[in-house]
Amino acid sequence: AQRVTQPEKLLSVFKGAPVELKCNYSYSGSPELFWYVQYSRQRLQLLLRHISRESIKGFTADLNKGETSFHLKKPFAQEEDSAMYYCALSPGSGGYNKLIFGAGTRLAVHP
Amino acid sequence: DGGITQSPKYLFRKEGQNVTLSCEQNLNHDAMYWYRQDPGQGLRLIYYSQIVNDFQKGDIAEGYSVSREKKESFPLTVTSAQKNPTAFYLCASSPPGIKEQYFGPGTRLTVT
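In order, the protein sequences belong to chains W and D.
Heads up: the first sequence begins at 1 in this note's numbering, then just goes up one per residue.
Heads up: the second sequence begins at 1 in this note's numbering, then just goes up one per residue.
The set of hints was computed from the structure by calculation and includes no laboratory data.
Watch out, some of these pointers could steer you wrong.
[As the list claims (entries may be wrong)] Pairs of lysine to aspartate or glutamate, EDC-like flavour, derived with a Cα cap of 20 Å:
id : chain 1 : residue 1 : chain 2 : residue 2
1  : W       : Lys9      : D       : Asp38
2  : W       : Lys57     : D       : Glu100
3  : W       : Lys22     : W       : Asp81
4  : D       : Lys83     : D       : Glu100
Bound conformation, chain W alone:
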């Protein structure tokens, strides 16, 4: 079955501390993985995608096919990083751009 698991509902850190939001997936093929973010009072938006291998707002995520993980990392958290983060999987095949979302992790960065 296709599934995305985010084991932490809440991650609470202090400003300047490293952050790792965990994401594990279950999919037999070659998926595309994404991280979406929802800041307070803003709409859900794409943060980054694994195929781009980019760093956005200091965040990076590496797809580990052996561990079926796509953890989101940032070396030094900022208060403005506080938001809800969703990991999402898009199956490699299929007639449409289906996304399967995890339950989300709320990141709280304290001063």
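Assemble the complex: chain W is given as a structure, and chain D must be docked to it using the hints.
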């Protein structure tokens, strides 16, 4: 701020009434989606449409209906058959061949 609009932001209905949520996009995207967002459950796909006059059930379509008469519009009707309709509803769209989805601001529906 164009892109995807959803109206209204908040909606209240009595149990047993059908209610329609609006979703409009001016991005010229072919595909549109409806999700339901509940605390602790992430986003779950209700319906999607790849092209005008065509739509498919998602993972939790029971109690919902949609139409796609125009490319820019994809309204969702929450019927009285939906057992637990109170939720936050998100509409999204995507261009052809692109996996990224663009989301609207959402509508919070409360049924009492």
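Evaluated hints:
Taking the CA atoms of W/Lys9 and D/Asp38, the gap is near 13 Å; set against the 20 Å cutoff, the hint holds. Among the hinted pairs, W/Lys57 with D/Glu100 is consistent with the structure: their alpha-carbon atoms are about 18 Å apart, no more than 20 Å. In summary, the hint linking W/Lys22 to W/Asp81 is supported, as the alpha carbons are separated by about 16 Å, within the 20 Å threshold. For the given pair, D/Lys83 sits about 31 Å from D/Glu100 by alpha-carbon distance, which is inconsistent with the 20 Å threshold.
Of the hints listed earlier, the one the structure fails to meet is number 4.
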